[in-house]
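Each residue of the sequence shown is one higher than the one before, counting from 1 in UniProt numbering.
Treat the hints as calculated values from the structure; they're not laboratory data.
Ideal Cβ positions, reconstructed from N, Cα and C, are used throughout, including at glycine.
Any given hint could be a false lead.
Label-pair distances were calculated between CB atoms; the ranges are [what the hints assert, rightly or not]: (1) GLY180 to GLY262: 25 to 33 Å; (2) ALA142 to THR322: 25 to 33 Å; (3) CYS187 to ARG165: 27 to 35 Å; (4) TRP259 to ARG289: 42 to 50 Å; (5) ARG165 to LEU313: 20 to 28 Å; (6) LYS87 to VAL123: 44 to 52 Å; (7) GLU300 to TRP259: 56 to 64 Å; (8) GLU275 to ASN304: 51 to 59 Å; (9) ARG289 to GLN205: 29 to 37 Å; (10) GLN320 to ARG96: 41 to 49 Å.
Taking lysine to any residue pairs in the SDA-like style, the calculated list, with each CA pair at most 25 Å apart, reads [what the hints assert, rightly or not]: (11) LYS146 to ASP272; (12) LYS273 to ALA134; (13) LYS146 to LEU302; (14) LYS273 to GLY262; (15) LYS326 to ASN310; (16) LYS326 to ALA134; (17) LYS146 to GLY262; (18) LYS326 to GLU315; (19) LYS144 to THR319; (20) LYS144 to LYS273.
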Amino acid sequence: MSFDPFISSSLSRRWEDHPSSRTTYRLSRGPLSSSRWPATRLEPLQRWEQSDLSQASIVNAELLELRAQEREQLVGLNNRFASYIEKVRHLEQQNRVLLLQLEGLRRRQSQPSRVQQLYLQEVRGLREQLHQEAQNKARMEAQKEKLREAHAQLHERWEEEAQRRSRAEAEVQRLREEAGQVALCSCDAKASVVSLAQELAFLKQVFAEEQEGLRVQLQVASLSVELDTSRPDLSAALREIRAQYESLAGRNMQTAEAWFRGKVASVVELADKQEEAVRLVREETAEYRRLLQSRSAEVEALRNVIDSLNAQLGELEETQNTEVTKYQ
């Protein structure tokens, strides 16, 4: 057991504050003498002493009980103090263990382990890969944007070529119609030439018949002149008539030939013009056909390029979606 000054001082104060103890102390300071007290007062005094002794015994019993309680309290306090000491020792031991563990953790942090190095190396590799993938994504986005611009330009060019092709087809159709009209005109001109040739042959035949008739008449007249030599005035008149007729026939022949040559020249000129127009139409048609074929080839090439660009765009979008899904 250990000494507790607080408990002792409290017990001493309780003992001094008790009234019976002070009374007993005062009574015990001097002996009782019968000479000092009269006989008439001895009995009450004895009774009072007996009551005071009984109170003192009660107080002593209380003191004993109080001391027993104090002893029990001291034992409990000592036990609690011993348990506190054990707890403190246990906590100190745990503190030392924790300090050792903390020191070990500090050493581990100052010297990273192989697993941590591998982890950091893997993290750096993944970060580099992520950076590369981000760069690839940016490059693919730029390439995708360029392909979209090229696709838009090619689509505009394709629309322009389609419009040109439509205009060329319309021009070819117009030229075909004009060629048909020129062919009809050429056929009409050829028919006119044939009819004029037939008319010229008919006129030549009529003129030959008339000339033959006049020649027969002249021969008959010359025979009659030879038979009748006595009539010189008649032969002169016949010669004059013959000369007039020949001049008239010559003029008619010249007029008919001039008219025929004029008609033939006009028909030939018209035919030449029609042939030149037909040739020009054919050449222009061939040129438009060649241009149409070249435009068709360009349109087909542009369509193939657009299809390839659409395929590349699809592949880029699929690759980008795959990469985005992989990083999610």
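Inset, instruction - Would you pick out the hints that fail for this structure and give their numbers low to high? - result: Of the numbered hints, 2, 8, 9, 10, 11, 12, 17, 20 do not hold.
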